[in-house]
Each structure stands twice: as structure tokens, then as C-alpha cells.
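Chains A and B, in that order, give the protein sequences. Position one of the first sequence corresponds to residue 1 (the working numbering), numbered consecutively onward. Position one of the second sequence corresponds to residue 1001 (the working numbering), numbered consecutively onward.
The set of hints was computed from the structure by calculation and includes no laboratory data. Please note that a few of the clues may not be correct.
To be verified - Lysine to any residue pairs mimicking SDA-like chemistry, simulated, CA-CA at most 25 Å apart: (1) A:Lys52 to B:Leu1284; (2) A:Lys54 to B:Leu1149; (3) B:Lys1118 to B:Leu1128; (4) A:Lys56 to B:Phe1027; (5) A:Lys54 to A:Leu187; (6) A:Lys158 to B:Tyr1029; (7) A:Lys54 to B:Lys1118; (8) A:Lys54 to B:Ile1041; (9) A:Lys235 to B:Met1131; (10) A:Lys56 to B:Val1286; (11) B:Lys1022 to A:Gln58; (12) B:Lys1235 to B:Lys1118; (13) A:Lys158 to A:Val82; (14) A:Lys54 to B:Lys1115; (15) A:Lys179 to A:Ile109; (16) B:Lys1068 to B:Phe1295; (17) A:Lys56 to B:Leu1147; (18) A:Lys54 to B:Met1131; (19) B:Lys1235 to B:Met1131; (20) A:Lys56 to B:Lys1115; (21) A:Lys179 to B:Met1043; (22) B:Lys1235 to A:Lys158; (23) A:Lys56 to B:Val1256; (24) A:Lys179 to B:Ile1041; (25) B:Lys1293 to A:Ile172; (26) B:Lys1115 to B:Ile1129; (27) A:Lys56 to B:Phe1295; (28) A:Lys25 to A:Ser128; (29) B:Lys1022 to A:Val37; (30) B:Lys1235 to B:Phe1295; (31) A:Lys158 to B:Leu1032; (32) A:Lys52 to B:Tyr1294; (33) A:Lys158 to A:Phe177; (34) A:Lys56 to B:Pro1289; (35) A:Lys179 to A:Phe165; (36) A:Lys52 to A:Phe177.
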Amino acid sequence: MVGLEYFQRFLSSPDFMQYLINTLKLSVYGLLWSFPVPIILAFLLNQIRSSKIKQKIQLILYMPNFVSVIVLCGIVRLLLSVNGPVNMMLHTSIDFMALPEAFRPIYIISGIWQGAGWASIMYTAALSNASQELREAAIVDGANIFQQIRVVEWPAIKDMVIIQFILQAGNIMSVGFEKALALQTSLNLPASEIISTYVYQQGLLNGNYSFSTAVGLFNTVINVILLVLVNMIVKKMNEGKGL
Amino acid sequence: MEANLRQRKSKSWFSRQRPEDKAFLIFAYVLLFLFVIAIIIPMAYIVIASFIDPITLQNHGISFDFSKWTLTAYERVMSNAQIWVGFKNAVIYSIVFTVISVFVTLLAAYPMSRKDFKGRGFFNVLFLITMFFGGGLIPTYLVVSNLGLLDTMWAVVLPGAFSVWNMIIARTYYQGIPDELREAAEVDGADEVTYFFKVLMPVCIPVIAVLALWQFVAMWNSYFDALIYIDDAAKQPLQLVLRSILIQNQPEAGMVSDIQSTAARAQLAELLKYATIVISSLPLLVMYPFFQKYFDAGIMAGSIKG
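Chain A on its own, in the form it takes in the complex (with noise of 0.2 Å):
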């Protein structure tokens, strides 16, 4: 009979609160600065009149999606490395890997590097299918393109974009861990050791199965407290639509 003792091991461990609120920073300050972000790159893709532009420009900015994790974690050591050319820019030589108030942003700003693009694809198609009619009655009376945007454009992807926030954010408690690992250095492990990546290292590392196990649970449970609270916040918004 085992019970809750793990449970009462992980949830009474002074690690737990700091494994818990880094996971946490982690994945709303991820969630907020990168959400927006491909939204805002759809309304200026949009602007662009000419297609065959508007197509080389997607094609760049969807490249790196295609680079793995592995491979842009790579990268980000080599630019950031101490004799590296972001140092060198600098005229310093911090090694930004080893610092741990250096490893949320670096994990974001990737982050946003490699996905922002290809989270536009579908906000874009969205607003090429905007009612082209509705966007020539708005220029007839005279609204300017700000006006278009907020009458015409941002109307026509709103449903997308809740939806979008609702999947995220119930996916904070496990999202990035093969990145978070990636870019985990023993050093900056006080911001970078999250909930998933104890559960690596103490389950499958260490072999304690039971407790591992425990705690995972524990991620599941918390994750899909939070799908039900989000989609019940936005419900209320969104006069009674939710996911």
C-alpha cells in the first residue's frame, strides 16, 4: 500500500515550490510574450499587396520551424558562448548559459525565433479568406487601415485566436520540455529545472519510479485544472463560447 506518501514527499520537499514556480514562469511568461506575436505577424504580412512577396517572406519565416530542437539549442550555445559573437558584439564575455536569471528569456526569445512564423499560417489564411466586401464597404466610408483592422480583420480571426489561447494555456504545465532539457547547464538549473525535467531526472536518472511517477501525476492533474478554469474564464468573456 503505498498511498499518498509521494505525493506528501514531493508536495512537503522545499524543492517542490521552486520546481512548481519555475515551471509556471516558464510557461505563462512563454505563453504571453509569444502569443501574440504571430498574430501581429499575420496583420503585417497582410498588409503586403504583392503575393509573390508575401510568399518569399512566408518562406523565411517559416524555416525555422524545420530546424530541430536539438539543432537551435545548438545554436543558441554557439552564439551565446563565451568567446561567441554576441560576446563578442558586446566586447564581453559573459557565459550566458551558466546564468540563471539568462535562461528564461533565452528559452522564450528562441522560443519565438523558431515558432512565431509558422504560428502565423493560420491566422494569415484566415484574414486572406476576411470578407473581402465587408473590407471595401469599410474603405467606402472612410475608415484608414488601423480602422480596417479592428472592424474588418481582427473580427475574422478572433474565434482562432481564443481557441488558440484556451489549447496553450491548458498545455502550460508540459509545454517545451525536450528544450528545457536541451538548454538546462548544471549551472542556471535553479530557473531551468521545471516539474517534467525532475521527473526525467529523478525517475529515469536516478530510478526512483514510484516518486517520479507521483509527480508527473501531479503535472496531469494541475494541467488539466487549468484547461477547465481557462475555458471557463473565456466562456464567461465570450458570452458562453468555449472550446
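Let chain A serve as the given structure and place chain B on it in line with the hints.
The following block gives chain B in isolation, referenced to the frame of chain A:
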């Protein structure tokens, strides 16, 4: 005359805009340009740096003095056996994974697309639960281990083969196909199996292409399953080989071991990382523009349900 006309025409759209709109457009274009530059610069830097002589690279960064350029890094990386083993395994795993995954997904999506399927609601809930609630790392590991799959290709290829999200996309696609097609096939005496393989599949080629490309890229770029399930160096996929070179700072045996001085060896190891990144990322980056339209179509297919 004609050129003049064309010039006026191309100029006219922007010049017809109001002053505040012009300002807005210029702001938008500049912002977009900066984003594009921010994507290109790191990539360009990696490519250029991979050709620079290691000592120059460490002391001065990249240089356009071509006498300092060298192909050493590429020669060393290309002549390393482990990289090629990684490539070979990645190709095999990705192809096997794609075939299994797409086949299973298409089959599962078919009953789920039929309104006359009795258990539809039940299975739907079952599938949705797995999207947000997983067994967790260790239980999954124990299952794979107890099935005797550890250190085999199947540990990497099987557990993630069925994707609920992809099933939903295939289901949505099936539902867009008119029922008349099946009725016509039935009249012609086709049973369900014949209908599925001979009639439905040919119509579904666009969605099959999308799912196949997604799964191929996903497997090609993943490392975590291989990291936990595969020990044998001969079975490692490319990303795991890259991990030890790029993340763990351990160049493959033979890549730098002939260099005597420790400092020179470290410089060379650093340079090899650049070349390794270029060689390993090139195949996908070169191929993806040819498949871009399928990816776009797939994203839209996914968002219909959304």
C-alpha cells in the same frame, strides 16, 4: 510609354493611401523586415562561421578574408562514421514511423467519421482524454520496457504513432466527402474494405500528404524518445548524435583526436559544431519549400475543427 504607365500603376496604390495609412504601412513593412532579418542573421552566421579557420573564428569571429576560409570542418564531419549512422537511422525511423502512423490514423478516423457508428461518442471521449491526460514518463517507459522494446527501433516508432490530433484532421476531411460516393460504391457492390482502400483513399491524397509530411518532420527532429529508449550507438538517430556533439560538447571519436594541443582541439571542436549544424539541417531546409503548400493546407484542415 508602356513602362511609364506600368510605373504609374505600381506607384499609384501606395500614393493613393492617406498620410496616416502611409505611416502605418511603412511602420508595418519595417517591422516585418526586422523580423525577417532576425531570422536570417543567426542562420547566415552559422553557415559562414562553418567555413572559417578555427583560430580566426575564436579570436576575431567571422571574416570575409577568403584566405581564412577552410573546408576542414566539413571534411572531418563528413568522414565521421557516427554521423552517417545517425543519418541512416533517422531516415529508417522516420519512414517506418510515417507509414505506420498515417496508416493507423487513417483507419481510426474512418469509423469516427461515420454518423451510423454506434460507439462514436464513447471513443471520442476516450481519444480526447489522451490529448490532455497522459500516463506520464515513467509508466510509459515501464510499458515499453515490459513489452521488450527497449533498445529497438520499435520503442521510438510505436508509442507516438497514433496522434489524436491527426485523427481529427483525417476525420474532418472524410466528413467533407459527399455520402453519395459511398452509396454509389455500395450500389456497385463494394464492401467497406474495398470502399475504404479503392475509393476513399485516392480521394484523400491531399490530407495523406499533409499527415505524412508532418509525421516525417516530427520524427526526424525528435530526440527524446531515442534518448530514453536507445542505448546502442549503432541504433542512434541523427538528433541523438547531434546532442552529444552540440549540447554535451563531446565530439564523436576520431573527429578531433588527432590534434595534439588541447587548445587547438577545443577550437576545432567548436568549429565542427557549425559544420555539423549545417550538414544536419540542410536536407529539411532545402526540401521544405517544395512541400510548403501541403503544410499550409494541413494547418487549415486542422483549424476547421478548431
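A quick look at each hint next to the structure:
1. Distance hint between Lys52 (chain A) and Leu1284 (chain B) is fulfilled; the C-alpha atoms sit about 23 Å from each other, no more than 25 Å.
2. Between Lys54 (chain A) and Leu1149 (chain B) the alpha-carbon distance is near 47 Å, which puts this suggested pair outside the 25 Å criterion.
3. Between Lys1118 (chain B) and Leu1128 (chain B) the alpha-carbon distance is near 17 Å, which keeps this suggested pair within the 25 Å criterion.
4. Straight-line distance between C-alpha atoms of Lys56 (chain A) and Phe1027 (chain B) comes to about 19 Å, which keeps the hinted pair within the 25 Å bound.
5. Distance hint between Lys54 (chain A) and Leu187 (chain A) is unfulfilled; the C-alpha atoms sit about 43 Å from each other, more than 25 Å.
6. With a C-alpha separation of about 23 Å, the suggested pair Lys158 (chain A) and Tyr1029 (chain B) falls inside the 25 Å cut-off, and the hint holds.
7. At roughly 47 Å between alpha-carbon atoms, Lys54 (chain A) and Lys1118 (chain B) are farther apart than 25 Å, so this suggested pair is violated.
8. Taken as a hint, the Lys54 (chain A) and Ile1041 (chain B) pair is honoured in the structure, with Cα atoms around 20 Å apart against an allowance of 25 Å.
9. For the proposed pair Lys235 (chain A) and Met1131 (chain B), the alpha carbon gap of about 21 Å is at most 25 Å, so the pair holds.
10. Among the hinted pairs, Lys56 (chain A) with Val1286 (chain B) is consistent with the structure: their alpha-carbon atoms are about 14 Å apart, no more than 25 Å.
11. As the CA atoms of Lys1022 (chain B) and Gln58 (chain A) are separated by approximately 23 Å, the hinted pair is consistent with the 25 Å bound.
12. A threshold of 25 Å between alpha carbons decides the hint, and for Lys1235 (chain B) with Lys1118 (chain B) the separation of about 43 Å lies outside it, so the pair is violated.
13. Using a Cα cut-off of 25 Å, the hinted pair Lys158 (chain A) and Val82 (chain A) is violated, with the two alpha carbons roughly 44 Å apart.
14. Between the alpha carbons of Lys54 (chain A) and Lys1115 (chain B) the distance comes to roughly 41 Å, so the proposed pair goes past 25 Å and is violated.
15. A C-alpha spacing of about 12 Å is found between Lys179 (chain A) and Ile109 (chain A), which places the hinted pair at or below 25 Å, so the restraint holds.
16. Between Lys1068 (chain B) and Phe1295 (chain B) the alpha-carbon distance is near 40 Å, which puts this suggested pair outside the 25 Å criterion.
17. This hinted pair does not check out: Lys56 (chain A) and Leu1147 (chain B) have alpha carbons roughly 48 Å apart, beyond 25 Å.
18. Under the criterion of a C-alpha separation no larger than 25 Å, the hint pairing Lys54 (chain A) with Met1131 (chain B) is inconsistent with the structure, at around 35 Å.
19. As the CA atoms of Lys1235 (chain B) and Met1131 (chain B) are separated by approximately 29 Å, the hinted pair breaks the 25 Å bound.
20. A distance of roughly 42 Å separates the Cα atoms of Lys56 (chain A) and Lys1115 (chain B); the hinted pair therefore is violated under the 25 Å criterion.
21. As the CA atoms of Lys179 (chain A) and Met1043 (chain B) are separated by approximately 19 Å, the hinted pair is consistent with the 25 Å bound.
22. Among the hinted pairs, Lys1235 (chain B) with Lys158 (chain A) is inconsistent with the structure: their alpha-carbon atoms are about 47 Å apart, more than 25 Å.
23. The hinted pair formed by Lys56 (chain A) and Val1256 (chain B) fails the criterion: a straight-line CA distance of about 40 Å is larger than 25 Å.
24. Between Lys179 (chain A) and Ile1041 (chain B) the CA atoms are separated by roughly 21 Å; this keeps the pair inside 25 Å, and the hint holds.
25. Distance hint between Lys1293 (chain B) and Ile172 (chain A) is unfulfilled; the C-alpha atoms sit about 30 Å from each other, more than 25 Å.
26. Only pairs whose Cα atoms come within 25 Å are accepted, and Lys1115 (chain B) paired with Ile1129 (chain B) is accepted, the gap being roughly 21 Å.
27. Between Lys56 (chain A) and Phe1295 (chain B), the direct Cα distance comes to roughly 15 Å. Compliance with the 25 Å bound is thereby established for this hinted pair.
28. Restraint check: the Cα-Cα separation between Lys25 (chain A) and Ser128 (chain A) comes to about 35 Å, which exceeds 25 Å; the hinted pair is violated.
29. Only pairs whose Cα atoms come within 25 Å are accepted, and Lys1022 (chain B) paired with Val37 (chain A) is accepted, the gap being roughly 22 Å.
30. As the CA atoms of Lys1235 (chain B) and Phe1295 (chain B) are separated by approximately 30 Å, the hinted pair breaks the 25 Å bound.
31. A C-alpha spacing of about 22 Å is found between Lys158 (chain A) and Leu1032 (chain B), which places the hinted pair at or below 25 Å, so the restraint holds.
32. Taken as a hint, the Lys52 (chain A) and Tyr1294 (chain B) pair is honoured in the structure, with Cα atoms around 18 Å apart against an allowance of 25 Å.
33. A hinted pair counts as satisfied when its Cα atoms are at most 25 Å apart, and Lys158 (chain A) with Phe177 (chain A) does not qualify at roughly 29 Å.
34. For a cut-off of 25 Å, the pair hint linking Lys56 (chain A) to Pro1289 (chain B) stands: about 10 Å separates their Cα positions.
35. With a C-alpha separation of about 21 Å, the suggested pairing of Lys179 (chain A) with Phe165 (chain A) holds against the 25 Å cut-off.
36. Restraint check for Lys52 (chain A) and Phe177 (chain A): the C-alpha separation of about 37 Å exceeds 25 Å, so the hint is violated.
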